[in-house]
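K.L.:
From first to last, the protein sequence lines stand for chains A and B. Sequence positions in the first sequence follow my numbering and run 1 to 448. Sequence positions in the second sequence follow my numbering and run 1001 to 1355.
Since the hints were derived computationally from the structure, they do not count as laboratory data. Hints are supplied without guarantee of correctness; some may be wrong.
Far from chain B, some chain A residues (derived; all Cβ distances over 12 Å) [claimed, not checked]:
| no. | residue |
| --- | --- |
| 1 | Leu104 |
| 2 | Glu105 |
| 3 | Tyr112 |
| 4 | Arg118 |
| 5 | Thr180 |
| 6 | Met217 |
| 7 | Ile231 |
| 8 | Ala244 |
| 9 | Phe256 |
| 10 | Thr292 |
| 11 | Glu370 |
Short, incomplete list of chain B residues facing chain A, as computed with Cβ under 10 Å [unchecked claim]:
| no. | residue |
| --- | --- |
| 12 | Ile1006 |
| 13 | Arg1098 |
| 14 | Ile1103 |
| 15 | Ala1155 |
| 16 | Asn1296 |
| 17 | Asn1299 |
| 18 | Leu1307 |
| 19 | Gly1314 |
Note that the structure is predicted; figures quoted are calculated from it, not measured. The beta-carbon is built from N, C-alpha and C at its ideal position, and this holds for glycine as well.
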Amino acid sequence: MPDLLAARAQMGTSLAFHIIFSALGVGLPLLLCIAEGLALFRKDKTWMMLARRWARAAAILFAIGAVSGTILSFELGLLWPTYIKFAGAVVGLPFALEGFAFFLEAIFLGLYLYGWDRLSPRAHWLCSFPIWISGLASAWFIVSANSWMNTPAGFVIKNGKVVDINPIQAMLNPSTPYETIHMILACYVATGFGVAAVYAFGMLRGKRDDYYRKGLMLALVMGVIAIPLQIISGDANARFLVDAQPAKLAAMEGVFKTQQGAPLEIGGLADPSTGKVIYALEIPRGLSILATFNPNSTIKGLDAFAPADRPNPLPVHSSFDGMVASGFFVLFIALLFWFLYFLKKRTVPTNRLLLLGIVLSGPLSFLAIELGWMVTEFGRQPWVIYGYLRTKDAVTTAPWLNISFLIFTLIYVLLAVALTRLLLGVARSPLPKVEMPGNTQQSERAGV
Amino acid sequence: MSVALIALSILWLGLIAYAVLGGADFGAGIWNLFAVGPQAKRQIQLINRALGPVWEANHVWLIFLIVGLFSVFPSAFAILSIALFIPLTIALIGIVMRGSAFIFRTYAIDTTAPTTTWWSRVFSTASLVTPFFLGAAAAAVASGKIEATNGNVQADLGAAWTTPFALTIGAMAISLCATIAAVYLCVEAHNDHDETLAEMYRLRALIAGAITAVLGALGLLLSPSEAPILWQGLLTRALPVVIATMLIGLATAAALFYRRYSLARILIILETAFLLGSWGLSQYPYIIPPHVTIENAANDPNVIVILLISIGIGMVLILPALYYLFSVFKLPTPAPGLEKKEEHTASEVPQEKSL
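Isolated chain B, as found in the complex (with noise of 0.2 Å):
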């Protein structure tokens, strides 16, 4: 196994924790749009709270790719940029519109400003673009349309990534982003003992997996004529993967419908994580089908050895850290260092409840 799979491999893995965290800010996103009639407030809370404390942190596994591809995979970055110039810039637009909208109507002074109601709307609209853009242009490199003959490129206006093929794949991307959030502020909302938003959120939940599960067939079923390479490894060696997929798919919809909420979060992170691998497994070993490949556009494998060394000690910082925000915020596990109310000095300071 060269030293470049490797790196492919643990960006491919970071691809898939975007996916999964930063993939369900944006469906938080998408579900604020349709934060309306009189819960809308308590939606609109649970929203916030959920993203709050985490969405700069998940929002590092896209620099985190972006970094790792330029490093490992130079001149395919380089490709990418040019050939999917249009689609990389709306989604970078929706990327900092929603980030910055959340941060505006999250700690606007004033609630109920039309700024702020504003604000909100962008934060809905930007993370609806962003996954659909994504998601096209994922589709435009897994369709092989991208002709980079020597390392030379054209901008592509519209070619590659508006095909029935790419517009399905940005559908479902969008879909997915709004199922996998749904599952999250499922159990969010029912760890906090609203069932009202849990089963809200469940029935939304189920919703949103039906369409992807569609859309996903759909891809599927314009993939022997869009995207010949992709359907080829989807038939032969992503197969066993492809089928799992589908069934963990069942498998989520069955726990949401028994309410095992927790058990349908692990699953819905398991299916993304299958529906991402599948799609690496079958254009393996090709980076962008049908020229750049991990062997013709890797960098100097020496180089390569220095990142994978430096990324094993970020990791070691990062994932500990990792998991203590996510248990501080968002696990039922006990962290450290968590307020004990008969020891605490809060009485002595001043408390910002507004923050």
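With the rest of the complex left out, here is chain A (with noise of 0.2 Å):
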């Protein structure tokens, strides 16, 4: 593999592997907050179990996440020194900021992990709401300083010197309002439906008690509030794309030549060899249409950029068509909860078909998160900062990069595989003894 792949790949491998820790990182601290809030003020049991059970999970998870964030500050620097020599200069500013996020986030968490027989039950609380706070801090410094790379800004290059430099234009370049809600939202959707599917799984499996039914609705309600928000923050994304990077927006919908009145093409493959979009279904001037409201509008296509600048629109559309998918299912499992919960006055509903909805959303909405930092990044390329430092500018000369991809692999592998069993070990573990007194009569009021 030549040493720009290999570089290529890790980063990617470290991103992919790294984003869902980082996405439970500032949606999992909101749920525990809640949770234990409605356990303090309705003196509720259920409520603190589910709250001390995410919160063994969280220790994990966190860990992990710490980790597996560490290899990509290192990796900024081992992997892509040009970059980060450019971007450091620039956009350390959020990075930094974003530092000291997941310092306040690290220190309460222990204060929260390790403080449940030290601390009283609302100084214990207390210690959640940094948590939150700053996963969602840490999420939109660290955005920000991807949205530079899209749309740079806050720099002027004279004589190939990097001058003029203001960091807060820098961090507040054009795409950080919509690529940095996008993915908290993202944050939001997925930790709600991936709990939720843990708790469809178990009522699927007949357990329907007080527990699963609260586990199962607090979660969604995160869910299904955030996902019709994301779906309207997607369309804003696209939109923005029309003037900001028109080379992604032309990888992700297949469009290779500019022309007015762009057909949408939903599906298929984009071959870059042949310069069309085979198997898609195509809605005539659909993409002129929901790009600028004008049916007749002219989009870019991938012919107004020279070869050497073009991205692959192979990988970039049918990403780009994975999310949205992915998005419309799970906003579809969101509606018809809320319909069948009114419709059953106000229970949580227990159809089969739902249950079985709502577990698939949860892997659904990750891969979501995925495909999504997919079309950003391979529809940046052949650029790292668009229009500055082309990738394979930005590559280490270090040797052996092969050899640094292979071990971090063989890493993710490890540390997926002991995780994997280390949850599912926690998730099989008995509750914790309580005796529960009236707990059907509080079933029957389980709704938030």
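Relying on the hints, combine the two individually framed chains into one complex.
P.N.:
The following block contains the structure:
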């Protein structure tokens, strides 16, 4: 494997692995905070059991998130020294602020996870606030750095040197509001449906008690509030690309030729060798309408860019369609859930097909995150800093990148296997023993 | 004083914080290797309790250093990443395996399963490997053997970080981490009224401290030929700090000998701070001798000022939180929000002791 490909493969694997934990790191603390708050104010044991159980899983997941995030911060230099020389100078600020947010998160996580018996219940609950707030802030800062790679701002190139650096302007670059909101919502959707899937799976296997209903309900509430907003945010993102990154939009939608009244290609394979999208469902003028609300508008195709400046539409288009399809499936499940919930007079619906749909929505919403990142990263190629630095010029000159890629891949496989075993063990271990008189009455008003 | 120098000084304080906090976590992993025999279980429990609440926060100092370095001295960071690709990659693998192995063995459902024992060994091995390669990488920088003319540098397959000097400093990093951890564990065992373990770690701290001193002396002996720029600085600018480091080292040993454990903890922190301080002072004004200086590697001063302001705001939030964390788990000072026995509602909520 050439060095550039090995470095990209290692970076991509690292991101794909880490992103699962960062999404949970944003979403889970909010679930913990709400569950523990409900436990304290309603004096409800079930909520406390849920908070305890989630905290145990969170301790494991966050540790893996912390170490996999460390890999990325090293890799910025180890794999892409030329990139970090440029990016560090201009957009170091959000990285530094993300570092502080991560710091706060780690400190209060230590207090939260190990303080159950040391802190008063109220102080313990208060410790969960800085965790979800800094998780949210971390996501915003780090994605604003990625936004900068898509729409670089806050500097001038004079005689080959980066001058007039304005780090605030770099952080608040044009992509920032679109990308950060889209990612943060994605974290809540994925965590919500991911956790809900666990409880829906339990209910499918016949467990219908208060613990499962409440677990399912709270996680779903987070997911179903976030998913419609996410669809709107996604639409805004795509529309933003029409002017900001037309090459990426062209690759996403499989537009090879610049044309008026561009059709929308749903599905299929965008084959760069023939310049056609095969096996796709074509909606005439669909893309022009979606992108600009004008059926006759002109959409830039890949042919508007020099061959050396074009992203490969094959992975970008397929990832994009996969993400959108997952998103709409999850939205459909969310709407169905609410419909049945109110139809059945505010009780948690236990329709088997719906539960199966929720089980599927969990992995699909994580898949959507992975695919979304592939869209934005593959879609920015061949650039690492759009319009300024090509990926091939950013890679390190260090040797043995193949070996490095191999070793890190093995580490990820090892961690994934060990983590899965451990989490399954946590899920199967008996719930904390509590006498729960009056539990049946509680389940009647399980609605949140 | 230039803003770059102020920023570098803050980063150096961050380095000291990482050494005395993160370094101790690696040291505890090293002592985990020695947890055998009849007291093995109590030792492992002590290590788990000591590390559990704080290791992730301690680890963030490393992230602070990396991000700070590439924001303030972007070109120096790029040079180090290329030149020290191999030792830093190995240290990174060590950091990753240490953290995850610690979690896998601590949260294991079955503490006697073979996989748990295996993860425990991974935890120890990684804790040994990481400080060695970080130390060797630091020594490679200090020795002035990373040639970066005009910002161009070749990946170094071992010329600078496998010299006798670098190997000595790598070994010294291991023994220093072990010493710091032994002193902390001694205090924690003493606070738990476990005098057998306190005595054990007292002895281990003295032995590891002696080894650190010997390796430090060897490093000094090798400096004139292997790290001439460092040696020049040690003899001139940094000489008072070097002497202070030696005296504090002796005082730490004396405090341990007379069982003044809390004092020993303060002294070993000072010792580490002075040791790293003497390194920093000695190679001033170089970041990577002999070519990369504070002056020629620094980012735009306006950017550094904004970074300094954000570091200031960040520290206002971090330091009280960090103090609270340590006062809840490590310090004898009373912290607000602690469980009060008379008014607690714990009887109403389930307790999962296994956590």
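K.L.:
Would you mind marking each hint as holding or not holding in the structure?
P.N.:
Status of each hint after checking the structure:
1. A beta-carbon of chain B comes within 12 Å of the beta-carbon of Leu104 (chain A); the shortest separation is about 6 Å.
2. The Cβ of Glu105 (chain A) sits about 9 Å from the closest Cβ of chain B, inside the 12 Å cut-off, so the non-interface label is violated.
3. For Tyr112 (chain A), the condition that its CB be more than 12 Å from all CB atoms of chain B is violated, with the nearest at approximately 9 Å.
4. Arg118 (chain A), annotated as away from the interface, has a beta carbon of chain B within 12 Å; the closest lies near 6 Å.
5. No beta-carbon of chain B is positioned within 12 Å of the beta-carbon of Thr180 (chain A); the least distance is around 18 Å.
6. Every Cβ of chain B is farther than 12 Å from the Cβ of Met217 (chain A); the closest lies at roughly 19 Å, confirming the non-interface assignment.
7. Distance check on Ile231 (chain A): its Cβ is at least 34 Å (rounded) from any Cβ of chain B, clearing the 12 Å threshold; non-interface status holds.
8. Interface exclusion of Ala244 (chain A) from chain B stands, the closest Cβ pair being 25 Å apart, more than 12 Å.
9. With 12 Å as the threshold on Cβ separation, the claim that Phe256 (chain A) sits away from chain B holds: the shortest Cβ distance comes to roughly 38 Å.
10. For Thr292 (chain A), the requirement that its beta carbon stay farther than 12 Å from each beta carbon of chain B is met, with the minimum near 38 Å.
11. Here Glu370 (chain A) stays apart from chain B, with its beta-carbon at least about 21 Å from theirs, past the 12 Å limit.
12. At its closest, the beta carbon of Ile1006 (chain B) sits 15 Å from a beta carbon of chain A; the interface hint therefore is violated under the 10 Å criterion.
13. Evaluation of the Arg1098 (chain B) hint against chain A yields a held restraint, the C-beta minimum of about 8 Å falling below 10 Å.
14. The closest approach between the C-beta of Ile1103 (chain B) and any C-beta of chain A is roughly 4 Å, which is under the 10 Å cut-off, so the hint is satisfied.
15. Look at Ala1155 (chain B): its Cβ gets to within about 4 Å of chain A, closer than 10 Å, so that hint holds up.
16. Because the beta carbon of Asn1296 (chain B) sits about 13 Å from the nearest beta carbon in chain A, more than 10 Å, this interface hint is broken.
17. Look at Asn1299 (chain B): its Cβ gets to within about 5 Å of chain A, closer than 10 Å, so that hint holds up.
18. The beta carbon of Leu1307 (chain B) comes within 6 Å of a beta carbon in chain A, closer than 10 Å, and the hint placing it at the interface holds.
19. Restraint check, Gly1314 (chain B) versus chain A: the minimum CB separation of about 4 Å is within 10 Å; hint holds.
Comparing the model with each earlier hint shows violations of hints 1, 2, 3, 4, 12 and 16; every other hint is respected.
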